[in-house]
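Asks: Sequence:
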Amino acid sequence: METISDAQWDVICRRAGADFLYGVSSMGIYCRPGCPSPRPNRRNVRCFPDVAAAEAAGFRACRRCDPKGERAALGRSVVADACAAIDRSETIPALEALARRAGYSKFHFLRLFRDHTGLTPRAYAEGIRARRLQAALAGGTRVVDAVAGSGYGSESRVYEDPGRLLGMTPGAARRGGAGETIRTASADCGFGRLLIGATERGVCFIGFAEPDAALLADLHRRFPHATLVQDDRTLGEILRTVLDFLAEPSAGLSLPLDLRGTAFQLRVWEALRQIPIGQTRTYSEVAAALGAPRAVRAVARSCATNPVAIAVPCHRVVGRSGSLTGYRWGIPQKRALLDREGASLAGKARR
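Mapping of the sequence shown onto the working numbering: position 283 corresponds to residue 283, and the numbering continues sequentially without gaps.
There is no bait here: all hints are sound.
DEER-style ranges, computed between Cβ atoms:
id, residue 1, residue 2, range
1, R64, A343, 39 to 47 angstroms
2, G236, S89, 44 to 52 angstroms
3, E237, S89, 44 to 52 angstroms
4, A80, A343, 42 to 50 angstroms
Please keep in mind that the hints were generated in silico from the structure rather than gathered at the bench. Only a predicted model underlies this, so the values are computations on that prediction, with no experimental measurement involved. Beta carbons: idealized from backbone N, C-alpha and C, even for Gly.
Starting from the given sequences, assemble the full structure and let the hints guide the process.
Replies: Below is the structure:
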(Lines of atoms letter the chains of each structure in order from A and count residues from 1; the text may use other names and numbers.)
(Lines give C-alpha, C1' and ligand atoms only; values in the text may rest on other atoms or scores of the structure.)
Protein backbone atom coordinates (compact mmCIF):
# COMPACT_ATOMS: atom_id res chain seq x y z
CA MET A 1 0.00 0.00 0.00
CA GLU A 2 1.42 3.37 -1.04
CA THR A 3 2.12 5.74 1.85
CA ILE A 4 2.45 8.87 -0.31
CA SER A 5 0.74 10.25 -3.40
CA ASP A 6 2.31 10.31 -6.83
CA ALA A 7 2.42 14.12 -6.66
CA GLN A 8 4.31 14.05 -3.36
CA TRP A 9 6.75 11.45 -4.65
CA ASP A 10 7.37 13.55 -7.76
CA VAL A 11 8.21 16.56 -5.57
CA ILE A 12 10.64 14.48 -3.50
CA CYS A 13 12.34 13.08 -6.61
CA ARG A 14 12.74 16.58 -8.07
CA ARG A 15 13.92 17.92 -4.70
CA ALA A 16 11.46 20.78 -5.14
CA GLY A 17 10.12 23.08 -2.45
CA ALA A 18 6.83 22.07 -0.83
CA ASP A 19 4.80 22.59 2.33
CA PHE A 20 5.17 19.06 3.71
CA LEU A 21 7.91 16.91 5.23
CA TYR A 22 8.75 13.30 4.55
CA GLY A 23 10.12 10.61 6.84
CA VAL A 24 12.25 7.61 5.87
CA SER A 25 11.34 4.68 8.10
CA SER A 26 14.55 2.75 7.37
CA MET A 27 16.61 5.69 8.64
CA GLY A 28 14.27 7.08 11.28
CA ILE A 29 14.73 10.65 10.02
CA TYR A 30 12.48 13.25 8.42
CA CYS A 31 13.49 15.75 5.75
CA ARG A 32 12.39 18.65 3.61
CA PRO A 33 11.42 17.59 0.06
CA GLY A 34 14.44 19.52 -1.23
CA CYS A 35 16.92 17.55 0.91
CA PRO A 36 20.15 16.73 -0.99
CA SER A 37 20.36 13.27 0.59
CA PRO A 38 20.14 10.24 -1.75
CA ARG A 39 16.63 9.47 -2.93
CA PRO A 40 14.94 7.00 -0.54
CA ASN A 41 13.01 3.87 -1.43
CA ARG A 42 9.41 4.92 -1.96
CA ARG A 43 7.98 2.15 0.20
CA ASN A 44 9.93 3.51 3.18
CA VAL A 45 8.58 7.05 2.84
CA ARG A 46 5.81 8.68 4.87
CA CYS A 47 4.65 12.28 4.57
CA PHE A 48 3.85 14.66 7.40
CA PRO A 49 2.24 18.11 7.45
CA ASP A 50 4.72 19.57 9.95
CA VAL A 51 7.58 18.97 12.38
CA ALA A 52 5.28 18.09 15.28
CA ALA A 53 3.59 15.29 13.32
CA ALA A 54 6.91 13.85 12.16
CA GLU A 55 8.39 13.81 15.66
CA ALA A 56 5.18 12.41 17.16
CA ALA A 57 5.64 9.47 14.79
CA GLY A 58 9.12 8.88 16.21
CA PHE A 59 11.27 10.47 13.48
CA ARG A 60 14.22 12.77 14.17
CA ALA A 61 15.31 15.79 12.13
CA CYS A 62 17.78 15.36 9.26
CA ARG A 63 21.08 17.14 9.86
CA ARG A 64 21.60 17.94 6.17
CA CYS A 65 18.39 19.79 5.25
CA ASP A 66 17.67 21.06 8.80
CA PRO A 67 13.83 20.83 8.64
CA LYS A 68 13.44 22.47 12.06
CA GLY A 69 15.60 25.41 11.04
CA GLU A 70 17.80 25.09 14.14
CA ARG A 71 21.12 25.14 12.29
CA ALA A 72 19.93 28.00 10.12
CA ALA A 73 18.93 29.98 13.21
CA LEU A 74 22.31 29.30 14.81
CA GLY A 75 24.06 30.38 11.61
CA ARG A 76 22.04 33.61 11.47
CA SER A 77 22.95 34.33 15.08
CA VAL A 78 26.67 33.71 14.46
CA VAL A 79 26.72 35.87 11.34
CA ALA A 80 24.70 38.64 13.03
CA ASP A 81 27.24 38.71 15.88
CA ALA A 82 30.12 38.86 13.38
CA CYS A 83 28.43 41.69 11.46
CA ALA A 84 27.94 43.62 14.70
CA ALA A 85 31.64 43.14 15.54
CA ILE A 86 32.62 44.41 12.08
CA ASP A 87 30.26 47.40 12.47
CA ARG A 88 31.89 48.36 15.76
CA SER A 89 35.44 48.02 14.54
CA GLU A 90 37.31 51.05 13.21
CA THR A 91 39.46 48.78 11.04
CA ILE A 92 38.67 45.63 9.07
CA PRO A 93 38.91 42.64 11.47
CA ALA A 94 41.04 39.70 10.37
CA LEU A 95 39.20 36.60 9.19
CA GLU A 96 41.08 34.54 11.80
CA ALA A 97 39.82 36.79 14.61
CA LEU A 98 36.21 36.64 13.43
CA ALA A 99 36.33 32.85 13.04
CA ARG A 100 37.88 32.44 16.48
CA ARG A 101 35.18 34.68 17.98
CA ALA A 102 32.49 32.49 16.37
CA GLY A 103 34.16 29.25 17.42
CA TYR A 104 34.58 27.92 13.88
CA SER A 105 37.47 27.17 11.55
CA LYS A 106 38.31 29.89 9.03
CA PHE A 107 36.94 27.80 6.16
CA HIS A 108 33.65 26.95 7.94
CA PHE A 109 33.11 30.51 9.15
CA LEU A 110 33.83 31.99 5.72
CA ARG A 111 31.31 29.66 4.06
CA LEU A 112 28.70 30.36 6.74
CA PHE A 113 29.13 34.12 6.44
CA ARG A 114 28.98 34.03 2.66
CA ASP A 115 25.88 31.81 2.66
CA HIS A 116 23.98 34.25 4.86
CA THR A 117 25.13 37.59 3.47
CA GLY A 118 26.28 36.84 -0.06
CA LEU A 119 29.61 38.52 0.76
CA THR A 120 32.92 37.67 2.34
CA PRO A 121 33.58 39.31 5.73
CA ARG A 122 36.08 41.64 4.06
CA ALA A 123 33.61 42.69 1.36
CA TYR A 124 31.00 43.31 4.06
CA ALA A 125 33.49 45.41 6.03
CA GLU A 126 34.39 47.35 2.89
CA GLY A 127 30.70 48.08 2.43
CA ILE A 128 30.48 49.40 6.00
CA ARG A 129 33.44 51.71 5.38
CA ALA A 130 31.94 52.90 2.11
CA ARG A 131 28.60 53.70 3.80
CA ARG A 132 30.41 55.60 6.58
CA LEU A 133 32.30 57.55 3.96
CA GLN A 134 29.16 58.26 1.96
CA ALA A 135 27.27 59.44 5.06
CA ALA A 136 30.14 61.70 6.10
CA LEU A 137 30.46 63.20 2.63
CA ALA A 138 26.71 63.72 2.34
CA GLY A 139 26.85 65.54 5.67
CA GLY A 140 29.34 68.03 4.23
CA THR A 141 32.50 66.70 5.89
CA ARG A 142 35.69 67.56 4.01
CA VAL A 143 36.90 64.71 1.84
CA VAL A 144 40.20 64.31 3.72
CA ASP A 145 38.40 64.17 7.10
CA ALA A 146 35.68 61.83 5.83
CA VAL A 147 38.27 59.45 4.41
CA ALA A 148 40.23 59.35 7.66
CA GLY A 149 37.12 59.02 9.82
CA SER A 150 35.81 56.11 7.74
CA GLY A 151 38.91 54.01 8.26
CA TYR A 152 40.71 54.50 4.95
CA GLY A 153 44.44 54.96 5.27
CA SER A 154 44.67 57.59 2.56
CA GLU A 155 42.62 59.40 -0.06
CA SER A 156 44.37 57.44 -2.80
CA ARG A 157 42.58 54.27 -1.64
CA VAL A 158 39.27 55.96 -2.31
CA TYR A 159 40.22 57.59 -5.59
CA GLU A 160 41.58 54.32 -7.00
CA ASP A 161 38.02 53.14 -7.75
CA PRO A 162 35.41 55.66 -6.57
CA GLY A 163 32.68 54.13 -8.71
CA ARG A 164 32.91 50.82 -6.86
CA LEU A 165 32.71 52.50 -3.46
CA LEU A 166 30.33 55.39 -4.03
CA GLY A 167 29.00 55.24 -7.57
CA MET A 168 30.63 58.65 -8.11
CA THR A 169 33.71 60.61 -7.10
CA PRO A 170 34.06 61.55 -3.41
CA GLY A 171 33.54 65.19 -4.32
CA ALA A 172 30.26 64.44 -6.05
CA ALA A 173 29.14 62.29 -3.12
CA ARG A 174 29.94 65.13 -0.72
CA ARG A 175 27.69 67.37 -2.80
CA GLY A 176 24.88 64.80 -2.76
CA GLY A 177 24.95 64.53 -6.54
CA ALA A 178 25.28 68.27 -7.03
CA GLY A 179 27.19 69.03 -10.19
CA GLU A 180 25.73 66.07 -12.04
CA THR A 181 23.17 66.58 -14.78
CA ILE A 182 20.52 63.95 -15.32
CA ARG A 183 18.62 64.27 -18.55
CA THR A 184 15.04 62.99 -18.56
CA ALA A 185 12.49 61.98 -21.15
CA SER A 186 8.94 60.78 -20.73
CA ALA A 187 6.16 59.31 -22.84
CA ASP A 188 2.93 57.34 -22.70
CA CYS A 189 3.22 53.57 -22.80
CA GLY A 190 0.92 50.62 -22.32
CA PHE A 191 1.33 50.94 -18.56
CA GLY A 192 0.63 54.68 -18.28
CA ARG A 193 3.48 57.15 -18.06
CA LEU A 194 7.13 56.21 -18.55
CA LEU A 195 10.13 58.23 -17.33
CA ILE A 196 13.79 57.70 -18.20
CA GLY A 197 16.75 59.41 -16.55
CA ALA A 198 20.32 59.25 -17.87
CA THR A 199 23.72 60.61 -16.90
CA GLU A 200 26.67 60.87 -19.25
CA ARG A 201 27.54 57.28 -18.33
CA GLY A 202 24.16 55.77 -19.17
CA VAL A 203 20.58 55.23 -18.05
CA CYS A 204 20.30 55.57 -14.27
CA PHE A 205 16.52 55.46 -13.84
CA ILE A 206 13.48 53.90 -15.52
CA GLY A 207 10.09 54.20 -13.87
CA PHE A 208 6.56 53.70 -15.13
CA ALA A 209 2.89 53.23 -14.23
CA GLU A 210 2.75 56.37 -12.05
CA PRO A 211 2.03 60.06 -12.72
CA ASP A 212 4.91 62.23 -13.94
CA ALA A 213 5.18 64.02 -10.59
CA ALA A 214 5.58 60.73 -8.69
CA LEU A 215 8.18 59.42 -11.13
CA LEU A 216 10.19 62.65 -10.94
CA ALA A 217 9.99 62.57 -7.13
CA ASP A 218 11.43 59.04 -7.13
CA LEU A 219 14.29 60.11 -9.40
CA HIS A 220 14.95 63.19 -7.25
CA ARG A 221 15.03 61.06 -4.09
CA ARG A 222 17.77 58.93 -5.60
CA PHE A 223 19.79 61.97 -6.76
CA PRO A 224 18.69 64.73 -4.34
CA HIS A 225 21.10 67.45 -5.51
CA ALA A 226 21.55 66.58 -9.16
CA THR A 227 20.23 68.89 -11.84
CA LEU A 228 17.32 67.35 -13.73
CA VAL A 229 16.90 68.53 -17.30
CA GLN A 230 14.10 67.41 -19.57
CA ASP A 231 15.68 66.47 -22.88
CA ASP A 232 13.38 64.33 -25.01
CA ARG A 233 15.46 64.94 -28.12
CA THR A 234 18.80 63.68 -26.71
CA LEU A 235 17.15 60.66 -25.12
CA GLY A 236 14.78 60.08 -28.02
CA GLU A 237 16.51 56.93 -29.29
CA ILE A 238 16.71 55.37 -25.82
CA LEU A 239 13.07 56.23 -25.18
CA ARG A 240 12.01 54.61 -28.46
CA THR A 241 14.08 51.52 -27.62
CA VAL A 242 12.25 51.07 -24.31
CA LEU A 243 8.85 51.69 -25.90
CA ASP A 244 9.63 49.19 -28.66
CA PHE A 245 10.60 46.61 -26.07
CA LEU A 246 7.35 47.09 -24.15
CA ALA A 247 5.43 46.63 -27.41
CA GLU A 248 7.49 43.64 -28.63
CA PRO A 249 9.53 42.11 -25.75
CA SER A 250 10.99 39.28 -27.83
CA ALA A 251 13.35 41.80 -29.45
CA GLY A 252 15.22 42.16 -26.14
CA LEU A 253 16.46 45.32 -24.46
CA SER A 254 20.06 46.49 -24.40
CA LEU A 255 20.88 49.91 -22.96
CA PRO A 256 23.98 51.64 -21.61
CA LEU A 257 23.40 51.69 -17.85
CA ASP A 258 24.78 53.76 -15.00
CA LEU A 259 24.06 51.47 -12.03
CA ARG A 260 25.05 52.58 -8.54
CA GLY A 261 24.77 50.30 -5.56
CA THR A 262 26.65 48.09 -3.16
CA ALA A 263 28.85 45.28 -4.44
CA PHE A 264 26.12 42.76 -3.66
CA GLN A 265 23.37 44.80 -5.33
CA LEU A 266 25.43 45.09 -8.48
CA ARG A 267 25.95 41.32 -8.50
CA VAL A 268 22.22 40.73 -8.11
CA TRP A 269 21.30 43.21 -10.85
CA GLU A 270 23.78 41.62 -13.22
CA ALA A 271 22.32 38.18 -12.44
CA LEU A 272 18.83 39.47 -13.22
CA ARG A 273 20.01 40.68 -16.61
CA GLN A 274 21.00 37.09 -17.40
CA ILE A 275 17.44 35.74 -16.99
CA PRO A 276 16.13 35.05 -20.51
CA ILE A 277 12.97 36.73 -21.78
CA GLY A 278 9.92 34.57 -21.08
CA GLN A 279 11.54 32.80 -18.13
CA THR A 280 11.46 33.40 -14.37
CA ARG A 281 13.68 32.56 -11.43
CA THR A 282 12.84 32.36 -7.75
CA TYR A 283 14.64 34.55 -5.23
CA SER A 284 16.33 31.43 -3.85
CA GLU A 285 17.50 30.42 -7.33
CA VAL A 286 19.07 33.85 -7.87
CA ALA A 287 20.76 33.63 -4.47
CA ALA A 288 22.08 30.15 -5.28
CA ALA A 289 23.39 31.34 -8.66
CA LEU A 290 25.37 34.01 -6.81
CA GLY A 291 26.91 31.36 -4.56
CA ALA A 292 24.95 32.72 -1.57
CA PRO A 293 21.96 30.38 -1.11
CA ARG A 294 20.98 31.86 2.25
CA ALA A 295 20.97 35.46 1.02
CA VAL A 296 17.37 35.26 -0.27
CA ARG A 297 16.22 38.33 1.65
CA ALA A 298 19.21 40.33 0.45
CA VAL A 299 18.32 39.37 -3.12
CA ALA A 300 14.72 40.49 -2.54
CA ARG A 301 15.91 43.84 -1.14
CA SER A 302 18.18 44.32 -4.15
CA CYS A 303 15.23 43.67 -6.46
CA ALA A 304 13.14 46.19 -4.53
CA THR A 305 15.81 48.89 -4.91
CA ASN A 306 16.44 48.25 -8.62
CA PRO A 307 16.56 51.76 -10.18
CA VAL A 308 16.06 50.76 -13.81
CA ALA A 309 12.85 48.81 -14.18
CA ILE A 310 12.62 46.58 -17.27
CA ALA A 311 16.32 47.05 -18.19
CA VAL A 312 17.22 45.08 -15.05
CA PRO A 313 14.26 42.68 -15.18
CA CYS A 314 13.42 42.16 -11.53
CA HIS A 315 9.87 41.38 -12.70
CA ARG A 316 11.23 37.96 -13.75
CA VAL A 317 11.89 37.01 -10.12
CA VAL A 318 9.01 35.22 -8.40
CA GLY A 319 8.22 33.55 -5.10
CA ARG A 320 9.17 29.95 -4.34
CA SER A 321 5.74 28.65 -5.43
CA GLY A 322 5.77 30.79 -8.57
CA SER A 323 3.61 33.46 -6.95
CA LEU A 324 4.09 37.06 -8.04
CA THR A 325 5.45 38.68 -4.90
CA GLY A 326 6.12 42.38 -4.33
CA TYR A 327 7.04 44.62 -7.25
CA ARG A 328 7.92 48.32 -6.97
CA TRP A 329 5.61 49.22 -9.86
CA GLY A 330 2.70 47.00 -8.80
CA ILE A 331 1.79 43.32 -9.08
CA PRO A 332 -0.61 43.91 -12.04
CA GLN A 333 2.27 45.46 -13.99
CA LYS A 334 4.54 42.55 -13.09
CA ARG A 335 1.95 40.06 -14.29
CA ALA A 336 1.34 42.04 -17.48
CA LEU A 337 5.08 42.24 -18.27
CA LEU A 338 5.50 38.49 -17.86
CA ASP A 339 2.36 37.78 -19.91
CA ARG A 340 3.58 40.06 -22.69
CA GLU A 341 7.00 38.46 -22.77
CA GLY A 342 5.48 34.98 -22.90
CA ALA A 343 3.01 35.91 -25.63
CA SER A 344 5.70 37.70 -27.63
CA LEU A 345 7.98 34.65 -27.60
CA ALA A 346 5.09 32.34 -28.51
CA GLY A 347 4.19 34.59 -31.42
CA LYS A 348 7.78 34.71 -32.60
CA ALA A 349 7.99 30.89 -32.51
CA ARG A 350 4.88 30.59 -34.70
CA ARG A 351 6.22 32.98 -37.34
